[in-house]
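If you're matching positions, the sequence shown starts at 1 in full-length UniProt numbering and goes up one per residue.
Honestly, the hints are just simulated from the structure, not real lab data. Ideal placement from N, C-alpha and C gives every residue a C-beta, glycine not left out. Certain hints may be false.
What the hints assert, rightly or not - Computed list of lysine-lysine pairs in DSS-like fashion (alpha-carbon distance at most 30 Å, straight line):
(1) LYS525 - LYS360
(2) LYS492 - LYS316
(3) LYS251 - LYS365
(4) LYS380 - LYS365
(5) LYS360 - LYS316
(6) LYS380 - LYS512
(7) LYS366 - LYS316
(8) LYS251 - LYS360
(9) LYS413 - LYS251
(10) LYS513 - LYS365
(11) LYS525 - LYS413
(12) LYS316 - LYS512
(13) LYS492 - LYS365
(14) LYS236 - LYS366
As the list claims (entries may be wrong) - Restraint-style ranges between C-beta atoms, simulated for each label pair:
(15) THR476 - THR319: 15 to 21 Å
(16) GLU520 - ARG480: 22 to 28 Å
(17) GLY345 - ASN479: 46 to 52 Å
(18) HIS148 - ASN86: 26 to 32 Å
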Amino acid sequence: MDCDIFTVIIKHNCFSLSPGQNPDHMLHGTGHKHESRKPGDGPTVAPEDAARFLSCYCSGHCPEDHKNNTCETNGQCFAIIEEDENGEAILTSGCMKYEGSHFQCKDSPRAQTRRTIECCDTDFCNRDLQPTLPPPMDTGEAPGQLAHWLAFLISMTVCCCTLICITVVCYYRYKWQTERQRYHRDLEQDEAFIPVGESLKELINQSQSSSSGSGLPLLVQRTIAKQIQMVRQIGKGRYGEVWLGRWRGEKVAVKVFFTREEASWFRETEIYQTVLMRHENILGFIAADIKGTGAFTQLLLITDYHENGSLYDYLKFTTLDTQSLLRLAYSAACALCHLHTEIYGTQGKPAIAHRDLKSKNILMKKNGTCCIADLGLAVKFNSDTNEVDVPLSTRVGTRRYMAPEVLGETLNKNHFQAYIMADIYSYSLIIWEMARRCVTGGIVEDHQLPYYEMVPAEPSFEDMLEVVCVKGLRPTVSNRWNGDECLRAMLKLMSECWAHNPASRLTILRVKKTLAKMVESQDIKI
Numbered sequence: 001m002d003c004d005i006f007t008v009i010i011k012h013n014c015f016s017l018s019p020g021q022n023p024d025h026m027l028h029g030t031g032h033k034h035e036s037r038k039p040g041d042g043p044t045v046a047p048e049d050a051a052r053f054l055s056c057y058c059s060g061h062c063p064e065d066h067k068n069n070t071c072e073t074n075g076q077c078f079a080i081i082e083e084d085e086n087g088e089a090i091l092t093s094g095c096m097k098y099e100g101s102h103f104q105c106k107d108s109p110r111a112q113t114r115r116t117i118e119c120c121d122t123d124f125c126n127r128d129l130q131p132t133l134p135p136p137m138d139t140g141e142a143p144g145q146l147a148h149w150l151a152f153l154i155s156m157t158v159c160c161c162t163l164i165c166i167t168v169v170c171y172y173r174y175k176w177q178t179e180r181q182r183y184h185r186d187l188e189q190d191e192a193f194i195p196v197g198e199s200l201k202e203l204i205n206q207s208q209s210s211s212s213g214s215g216l217p218l219l220v221q222r223t224i225a226k227q228i229q230m231v232r233q234i235g236k237g238r239y240g241e242v243w244l245g246r247w248r249g250e251k252v253a254v255k256v257f258f259t260r261e262e263a264s265w266f267r268e269t270e271i272y273q274t275v276l277m278r279h280e281n282i283l284g285f286i287a288a289d290i291k292g293t294g295a296f297t298q299l300l301l302i303t304d305y306h307e308n309g310s311l312y313d314y315l316k317f318t319t320l321d322t323q324s325l326l327r328l329a330y331s332a333a334c335a336l337c338h339l340h341t342e343i344y345g346t347q348g349k350p351a352i353a354h355r356d357l358k359s360k361n362i363l364m365k366k367n368g369t370c371c372i373a374d375l376g377l378a379v380k381f382n383s384d385t386n387e388v389d390v391p392l393s394t395r396v397g398t399r400r401y402m403a404p405e406v407l408g409e410t411l412n413k414n415h416f417q418a419y420i421m422a423d424i425y426s427y428s429l430i431i432w433e434m435a436r437r438c439v440t441g442g443i444v445e446d447h448q449l450p451y452y453e454m455v456p457a458e459p460s461f462e463d464m465l466e467v468v469c470v471k472g473l474r475p476t477v478s479n480r481w482n483g484d485e486c487l488r489a490m491l492k493l494m495s496e497c498w499a500h501n502p503a504s505r506l507t508i509l510r511v512k513k514t515l516a517k518m519v520e521s522q523d524i525k526i
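When you get a sec, could you build the whole thing from the sequences and use the hints?
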């Protein structure tokens with residue numbers, strides 16, 4: 001059977017839906033009874049093709065002329081359930097027009113609008129229709145499911161992280177307890193080498209009288225280093241840090257070298273352990289050791305502790321009288337004289353030059369004297385082979401205190417006397433710092449570093465070369481010095497020590513004897 005465009009075949013009948021017609025308009029209509037055509041009005045429709053009228057039950061979709069909730073249509077009966085604004089399900093029924101009924105009845109349940117329609121084609125058949133609302137769309141459940149999974153993943157992640165943290169803490173706690181037990185076990189074994197009650201002074205005195213005079217035995221040094229308890233950091237330099245430590249209640253200074261400065265640590269340890277090196281005006285050496293902590297290595301140098309700090313720090317806040325000035329100058333000269341002097345014998349001491357003398361490398365003792373420290377750049381002279389044990393570079397130390405020959409790179413590195421004369425120049429600048437803080441006639445200058453008014457706070461090598469060598473300048477001196485006998489003598493002494501020509505400078509032995517006479521004249525007890 002042929003039908004025009006938009007024609008729908010339902011039970012072998014043809015129905016036409018004109019283009020643009022809204023199917024929703026067909027729900028309330030009843031259609032019209034079929035009228036037979038007159039001859040000549042067009043093709044005749046066969047009786048079996050004519051649409052018959054149905055009687056349907058209506059509720060909510062009843063036409064105006066309905067009787068007893070009954071309507072008639074040439075289409076189909078329908079029942080529809082849909083959700084209102086309040087979310088309640090409402091069931092309605094009625095007659096559907098013949099035109100487009102096939103499309104309406106084939107409409108799939110729409111979850112978005114929550115509506116379902118069902119159709120039938122017998123009288124009052126829609127009374128028995130029970131359409132049901134479609135289930136909610138999956139997209140409505142997706143956010144809830146996503147939140148559920150997200151909460152689950154977060155919970156699992158937190159639990160895993162917590163478990164890992166607890167495991168790590170337990171591991172390190174176990175490791176720490178194991179190390180602590182081993183540490184205490186080692187300490188108990190070490191008591192065999194150092195009996196309880198022995199003080200550092202007693203140990204050192206025993207080593208001086210019973211051995212070669214080069215310091216404590218190596219095993220004792222390592223035992224002391226292992227038993228040191230670090231208290232707090234008290235200083236920091238270019239080679240490492242200085243800590244206050246305790247050994248069996250006694251205060252000690254612990255110099256911790258940076259790992260890259262192993263050569264400096266080895267050199268200073270070697271110098272301190274030189275035979276007959278110990279002197280009251282040289283920092284007392286106790287022990288040296290390389291201590292591994294697992295994560296890194298510590299290079300330790302343990303010495304006497306002097307709570308007054310360096311001469312530099314002391315002069316910043318303390319003024320001196322004449323006796324204090326002579327006491328400091330003389331004790332520093334004694335220390336330098338001991339370093340420079342070679343002691344001959346089977347177990348003799350080589351001559352040593354410091355090479356980095358400055359007020360920051362001299363420590364103040366409680367009795368008003370001082371001691372020289374920091375021997376990491378020191379050089380030794382072997383008289384048997386006539387060789388100088390020194391690194392290749394001659395430009396070392398602190399630029400502000402460098403002698404003219406060091407700045408001008410004219411120092412003969414193969415001649416040990418040249419290093420000694422460079423020390424004398426540096427010593428003269430330290431005497432100048434002390435003299436500035438000596439009170440005479442109620443007048444005193446504030447503490448300053450040498451050449452403070454001529455070069456920057458951190459002078460370069462070129463700055464010092466220009467001032468000291470090219471211009472030939474020396475630290476300025478106050479006029480009041482010439483009015484005091486002691487300061488006038490000190491001025492004469494330092495002027496002879498900072499001469500440009502190294503051969504013109506006094507030896508440290510000559511300086512020591514001159515200061516000894518001044519100390520004796522002042523009746524100073526040292």
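Exercise. Do the Cβ positions of HIS148 and ASN86 conform to the proposed distance bound of 26 to 32 Å?
Worked result: Since the Cβ atoms of HIS148 and ASN86 sit about 28 Å apart, the hinted range of 26 to 32 Å holds.
For this session: Sort out whether LYS512 lies within 30 Å of LYS316, counting only the CA atoms.
Result: holds, 25 Å
For this session: Mind checking the alpha carbons of LYS366 and LYS316 for me, to see if they're no more than 30 Å apart?
Result: The given pair, whose Cα atoms are some 17 Å apart, holds under the 30 Å limit.
Exercise. Straight-line Cα separation of LYS251 and LYS365 no greater than 30 Å?
Worked result: holds, 14 Å
For this session: Take the C-alpha atoms of LYS236 and LYS366, compute the straight-line distance between them, and say whether it is at most 30 Å.
Result: holds, 22 Å
Problem set entry | Straight-line alpha-carbon gap LYS360 to LYS316, limit 30 Å | Distance ~12 Å between LYS360 and LYS316 Cα, so the pair holds.
Exercise. Given the hint that LYS492 pairs with LYS316, does the C-alpha gap stay at or below 30 Å?
Worked result: At roughly 24 Å apart (the allowed maximum being 30 Å), LYS316 and LYS492 satisfy the hint.
Exercise. Going straight from one Cα to the other, do LYS380 and LYS365 come out at no more than 30 Å?
Worked result: holds, 26 Å
Exercise. For the pair THR476 and THR319, does the Cβ-Cβ distance stay inside 15 to 21 Å?
Worked result: Roughly 19 Å apart at Cβ, these two residues keep to the hinted range, so it holds.
Exercise. Between LYS413 and LYS251, is the straight-line Cα distance small enough, at 30 Å or below?
Worked result: Answer violated: LYS413 to LYS251 is near 39 Å, above 30 Å.
Exercise. Quick one, are LYS380 and LYS512 close enough, alpha carbons at most 30 Å?
Worked result: Judged against 30 Å, a Cα distance of about 21 Å means the pair holds.
Exercise. In this structure, is the beta-carbon distance linking GLY345 and ASN479 contained in 46 to 52 Å?
Worked result: About 50 Å separates the Cβ atoms of GLY345 and ASN479, which means 46 to 52 Å holds.
The structure is inconsistent with the numbered hints 9, 11, although it conforms to all the rest.
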